[in-house]
Amino acid sequence: MSEALAAIENLTVRFDDRPVVDRVNLSLHRGDIITIIGPNGAGKTTLIKAILGIQAVTDGRIVRAKNLVIGYVPQDLRLESTLPLSVKRFMLLSGQPLAECHSALARTGVSHLIEASVHHLSGGEQQRLLLARALARKPDLLVLDEPAQGVDINGQAALYDLIRQLRDELNCGVIMISHDLHLVMAATDKVICLNQHICCSGSPADISHDPAFIETFGRPVAESLAVYHHNHNHSHDLHGNVVGADHSGSTSDHGECHHEHH
Amino acid sequence: MSIIDTVLNDFFWRALIGGLGVALIAGPLGCFVVWRRMAYFGDTLAHSALLGIALSFLISVPLNLGVIITSVILAIALMLFSRNKTLATDTLLGILAHSALAIGLVALSFMPDVRIDLTGLLFGDLLAMNRNDLLWIYGGAVLILTLLTVLWRGLLMSTIHEELARVEGVPVERLRLLLMLMFALVIAVAMKMVGVLLITALLIIPAATARRLASTPEQMAALAVVFGFIAVVGGLSMSWHLDTPAGPSVVVTAFATFLAVYGSAGRFSTRRSA
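In order, the protein sequences belong to chains F and Y.
Counting from 1, position 161 in the first sequence corresponds to residue 1187 in my numbering; the numbering is continuous, with no gaps.
Counting from 1, position 123 in the second sequence corresponds to residue 128 in my numbering; the numbering is continuous, with no gaps.
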């Protein structure tokens, strides 16, 4: 494997002494698509903000490759309606030449909207615009925060498909947050289940059998994702302690799991 | 030379030239106030100007300088306070705005030697503008317009999406600080014109009027300057003919323009530019 685009070592972020991201280790390589899933408040957004370099880190470190260009696709574009802005102007603000902007828009399928006002875009169009903007910078690493938010179900599948294609074309690394479990399972190489710490990680097929995954998302979700799953080898009691652990030969790194139940 | 002297010797021309200079910087800065929802913030800085004036007398520095210093200190204090989220920002601004105004008034009352026109400070004294004021206004205008031109893309980008801007390497925090310094400067020079209570109006009304007709951020900034000019010329004419106070007349004209533009634009181009 080539040099990592970004290597995260023992990363911890605390807000008021409460760990939001707890000792996470992760490395991102070209060609990877890594999806972070996890319940609300699991620290997903904080983790990717740390990777982006816009979140102060309490402990641990992030090593980024030299001259790493990151393309960031934020959750949404909350634009003040008082600011008049066309799609073209928004693209040009990236500092890239017009031809570059145009081809990026064409690649994400919204080049016909170039003269439109940013305020008049639908949820799906807005996501494709944000993706195009990230693309125009020719990123080595694409970071997406819930890229399919506000996109209808057909659009979601198409969007994840597009992200895969872009990964192949740019040979970039991709890390994203998602809630759309079914689509994630189809579109990703590696899933990380985050609940402050990394609960479990692995290929989509493996992870849907993982006890920690079932613990976090519930058996019905896991069962609907997996063709079958093994009897899980441990469970958590109300305090999140592992009971009846018989941990052998699992793909997950599930050594110390402290789920907080509310 | 003699023509310039004649013009500058006339109080009406001085008021007009000064007013136009203020409108020139209030237009583009006002756009940022509107885009970033900083109207209340601008108000707070403006209210603190009175405290700045008291301070200037206390340490005997020029009034404008005292006002700038106080505004800058307050702006930095606000930035630090707002990181600690125990109080909502508008509550915090409300507390600081009115406390600064009240402390300023109290402090001035402790200086019996200082003869000061309070009405002029609160509501402006455009017709009393002197050559020194003009120097401040146009010096400030050159500085602010240069800064805005150089920093435009970064300022715009961090206004549109702060996190995206940070990822793309825009120095968001530094730009925010610079923007606040520019607000402090515009307040210091505009205070003479419309007074501390009406400065925010001069910033946001022309910008809001321009929004109705603009389709790019630059157009909006330019149109805001035009509407600012209209307000100054209209307000001064009104003051001349009807003997009304100049500062409030400028704001009244700005408001009338706002109503006219929103009324007529609404009739024949429904939400085209929305």
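Worth flagging that the hints you see were computed from the coordinates, not collected in a lab.
All residues carry an ideal CB built from backbone N, CA and C; glycine is no exception.
Treat the hints with caution; some may be incorrect.
Across the chosen pairs, the derived CB separations fall in these ranges [what the hints assert, rightly or not]:
1. Ala261(Y) / Arg1040(F): 52 to 62 Å
2. Arg1040(F) / Trp157(Y): 46 to 56 Å
3. Gly1067(F) / Ser114(Y): 19 to 29 Å
Stretch by stretch, here's where chain F covers chain Y in the computed footprint (C-beta under 8 Å, at least three residues) [said to hold, decoys possible]:
4. 159-170
5. 219-228
6. 235-243
Here's how the hints hold up against the structure:
1. Ala261(Y) / Arg1040(F): 52 to 62 Å: Between alanine 261(Y) and arginine 1040(F), where Cβ atoms are some 55 Å apart, the hint holds.
2. Arg1040(F) / Trp157(Y): 46 to 56 Å: violated (37 Å)
3. Gly1067(F) / Ser114(Y): 19 to 29 Å: The hint (19 to 29 Å, Cβ to Cβ) is violated, given that glycine 1067(F) and serine 114(Y) are roughly 52 Å apart.
4. 159-170: holds (count 7)
5. 219-228: holds (count 6)
6. 235-243: violated (count 0)
When each numbered hint is compared with the structure, violations occur for hints 2, 3 and 6.
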